[in-house]
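Residue numbers (the working numbering), protein chains in the order written: chain V, 5 to 108; chain P, 5 to 108; chain C, 5 to 108; chain U, 5 to 108; chain Z, 5 to 108; chain D, 5 to 108.
Since the hints were made in silico from the structure, they are not lab data. Hints are supplied without guarantee of correctness; some may be wrong.
The list makes no distinction among identical chains, and a pair is therefore deemed to hold if it is satisfied within one copy or across any two copies.
EDC-like, lysine to aspartate or glutamate: derived pairs with alpha carbons at most 16 Å apart [to be verified]:
hint, residue 1, residue 2
1, K45, E73
2, K79, D20
3, K45, E27
Protein chains: 6
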Amino acid sequence: MKNEVFYGKGIRYIKDEDPELYEAFVKLNESVYTGKVLSYKTQKLIAIGIAAAKSDGRALKKQMQSGMEELDITKDEILDVLKVVLLTSGSPAYNKSVNMLYSI
Amino acid sequence: MKNEVFYGKGIRYIKDEDPELYEAFVKLNESVYTGKVLSYKTQKLIAIGIAAAKSDGRALKKQMQSGMEELDITKDEILDVLKVVLLTSGSPAYNKSVNMLYSI
Amino acid sequence: MKNEVFYGKGIRYIKDEDPELYEAFVKLNESVYTGKVLSYKTQKLIAIGIAAAKSDGRALKKQMQSGMEELDITKDEILDVLKVVLLTSGSPAYNKSVNMLYSI
Amino acid sequence: MKNEVFYGKGIRYIKDEDPELYEAFVKLNESVYTGKVLSYKTQKLIAIGIAAAKSDGRALKKQMQSGMEELDITKDEILDVLKVVLLTSGSPAYNKSVNMLYSI
Amino acid sequence: MKNEVFYGKGIRYIKDEDPELYEAFVKLNESVYTGKVLSYKTQKLIAIGIAAAKSDGRALKKQMQSGMEELDITKDEILDVLKVVLLTSGSPAYNKSVNMLYSI
Amino acid sequence: MKNEVFYGKGIRYIKDEDPELYEAFVKLNESVYTGKVLSYKTQKLIAIGIAAAKSDGRALKKQMQSGMEELDITKDEILDVLKVVLLTSGSPAYNKSVNMLYSI
Numbered sequence: 005m006k007n008e009v010f011y012g013k014g015i016r017y018i019k020d021e022d023p024e025l026y027e028a029f030v031k032l033n034e035s036v037y038t039g040k041v042l043s044y045k046t047q048k049l050i051a052i053g054i055a056a057a058k059s060d061g062r063a064l065k066k067q068m069q070s071g072m073e074e075l076d077i078t079k080d081e082i083l084d085v086l087k088v089v090l091l092t093s094g095s096p097a098y099n100k101s102v103n104m105l106y107s108i
Numbered sequence: 005m006k007n008e009v010f011y012g013k014g015i016r017y018i019k020d021e022d023p024e025l026y027e028a029f030v031k032l033n034e035s036v037y038t039g040k041v042l043s044y045k046t047q048k049l050i051a052i053g054i055a056a057a058k059s060d061g062r063a064l065k066k067q068m069q070s071g072m073e074e075l076d077i078t079k080d081e082i083l084d085v086l087k088v089v090l091l092t093s094g095s096p097a098y099n100k101s102v103n104m105l106y107s108i
Numbered sequence: 005m006k007n008e009v010f011y012g013k014g015i016r017y018i019k020d021e022d023p024e025l026y027e028a029f030v031k032l033n034e035s036v037y038t039g040k041v042l043s044y045k046t047q048k049l050i051a052i053g054i055a056a057a058k059s060d061g062r063a064l065k066k067q068m069q070s071g072m073e074e075l076d077i078t079k080d081e082i083l084d085v086l087k088v089v090l091l092t093s094g095s096p097a098y099n100k101s102v103n104m105l106y107s108i
Numbered sequence: 005m006k007n008e009v010f011y012g013k014g015i016r017y018i019k020d021e022d023p024e025l026y027e028a029f030v031k032l033n034e035s036v037y038t039g040k041v042l043s044y045k046t047q048k049l050i051a052i053g054i055a056a057a058k059s060d061g062r063a064l065k066k067q068m069q070s071g072m073e074e075l076d077i078t079k080d081e082i083l084d085v086l087k088v089v090l091l092t093s094g095s096p097a098y099n100k101s102v103n104m105l106y107s108i
Numbered sequence: 005m006k007n008e009v010f011y012g013k014g015i016r017y018i019k020d021e022d023p024e025l026y027e028a029f030v031k032l033n034e035s036v037y038t039g040k041v042l043s044y045k046t047q048k049l050i051a052i053g054i055a056a057a058k059s060d061g062r063a064l065k066k067q068m069q070s071g072m073e074e075l076d077i078t079k080d081e082i083l084d085v086l087k088v089v090l091l092t093s094g095s096p097a098y099n100k101s102v103n104m105l106y107s108i
Numbered sequence: 005m006k007n008e009v010f011y012g013k014g015i016r017y018i019k020d021e022d023p024e025l026y027e028a029f030v031k032l033n034e035s036v037y038t039g040k041v042l043s044y045k046t047q048k049l050i051a052i053g054i055a056a057a058k059s060d061g062r063a064l065k066k067q068m069q070s071g072m073e074e075l076d077i078t079k080d081e082i083l084d085v086l087k088v089v090l091l092t093s094g095s096p097a098y099n100k101s102v103n104m105l106y107s108i
C-alpha cells in the first residue's frame, strides 16, 4: 500500500484524529516500500503471502486488490504466492485465500 | 526447500518412518516450488517473509540459509523482505528477524 | 467481562450443558479480573489490546462494548491502546481495530 | 477431509488450474488421514481442535460439518474437544467455537 | 495435565502467590479433562495437536511428556497426531514437532 | 520501548543500514508511546500483555525488563497483566510468561 489511496479505512480515520501518528505511519510505509534491491512488486507479493499465511481475509483482500490495480499483479502470480502458503501454513489458509482470489 | 538436502530434520525422520507420507510431501514440495510464473527465488523470498511474520525463528533460519546457499539471496534482499514484516507484523517480529539475519 | 451479563453467547450455552465447567469458568473469570494492584479498568484495556493484537474482530467488539458500558472507557483511551497494537502487531491489525472502533 | 466431497472450494478450483498440485495435495491428504494407529475419527477430532484453537471460523465449520456427516461425530464429542481449547487457547476461541457448534 | 504433578512451573509459582486463582485454575483443569464422552487420552492427543499446530515447543514438550508418562501414549500415536498438523498448519510446525518427538 | 536505549538489537543494526527507515521507526515509536489520555506506564502494561498473549518469549522479556527499569513496574502489576493472558489466551502462554517473570 505505497499509495495513500490504498490505506485502510481505519488508518484514514487517524489522519484527522492523530496527525502526528498518521505522518509517522506514512513515512514508515514509504520507507518500507522503497526497497534497496527488491522491486515494489516483489515486496507486494510478499505482503500478499504474509496476509494469506495469517488467514487474515480482510488484509488479504486489500493487498490483492491494490496489487492488481497498482501493479498489474496477475491471478497466476498470486496463485504461485499461495502455493508457498499451502506448504508453510497449511490447507485451511490456502483454501480460504484461493477462494478469496476467485471471488475478487 | 526445493532441494531434499534442505529438508528439516523432522521430515527426514519420516522418510523411514512413513515412506508414503514422505513421498507425498516431496511431490507437494516440488509442485509448490515450481511456480507457473514466479521464479523459485521469488517464492523463496515469500517463504522467508512468512516465517519472519510468524516470528518462527527455527523456520526463518532454515529458509534464510537455504535461500543464501541454493539461490545466492543476499543480505540486502532479505532486509527488503523484512521491511514488509515490520509494517505488516510489528516490531518484535522484525527485530527478531533482523537480529537472526546478522547472526548467520 | 467481569459481569456475567457480558459473557459470550457460547459460554452461556455451557451454563445448562456443563454446569461444573461453567462454574469453574466463572470462578476463574472473577479471580482474573480482581487484580491485586491493577484496576479492573486497566485490565480491561489490556484485554482490548490483546484481542486487537490477535486481529480477533469478534472478541475485540465484545471487549470494547463491555469496556464502554461497564467502565466508561472512552474512544480516546481505546485509540491509545490501539497505537501499541500498531507498533507490536502491524498495520492490518491496527487498521481493522480502528475501523471497528469507529463502527460501534 | 478424507473424502474429496469435503474439500474446500478453493482447493477444488485448483483441480483445473494446477492438476499436478491438486494431485499432490490429494495424495498427502489421503496419507495424512490414514493413521497408523489412530482412527480417522480421532484424527478428525484433532483437526476440529486445531481449527478451534486458531479461532479459524471458516475451517472450524467445515471440519465440524464433515465430521458430523462423514463420521457421525456428536455434539457432545465436539464439546469435549472444545474444553481442551478453552484451557489451552483461552475463552474467546472457546466462546466462538461453542457458538458456531450451536449454530450448525 | 490432569495431574497436578504435570502443571507447568509458572502455574506452580501461583499456588503461593495467588491461591484463589490457583484453585480456580485447578477446578477448571479438572472439569476440562473430565470429558463427558471422550476419554482423557483422546483429549490429551488433542492438546498435543493444538500445541504442535501453534509451533509452541515448550507446551508441546510438556504435553508429549505427560501424555507418555501418565497415559502411555506411544510415538506412533503422536506421529498420527502430527500428520494432521502437517496438513492443517504447514511443514515448519510439523518439522519442529517431529524433531521434538525424536529428541525426547 | 520509548527510550532508544531499550530498542532491540535488530533495530539498532538498522540505524546504520537504513537510516531513513530507522528514523521513521523512531518517530512512530515516539508517537505511539505518547498517549493522548493513557499514561506511558499503562501502554507499557498493554505491550507486556500483548507479548505474553502471543507467547513471544523474546519480546516479553524485553518488555518486562524495560518496564521494570524505565517505569518501576512491579512483579505484582505484571502478575495482574498475566491473569488477563490466562483467560484470553490459555494456560501455556500464561505458564511460560509467569515462569519468565520469576526468572528475571
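The hints, checked one at a time:
Taking the shortest alpha-carbon separations for K45 and E73, only the intra-copy value of 12 Å comes in at or below 16 Å, while the best inter-copy value is 24 Å. Taking the closest pair of Cα atoms, K79 and D20 come within 16 Å of each other only across two copies (14 Å); inside a single copy the shortest separation is 36 Å, beyond that limit. Proximity of K45 and E27 under a CA criterion of 16 Å is satisfied in neither setting, with 24 Å inside one chain copy and 24 Å between copies.
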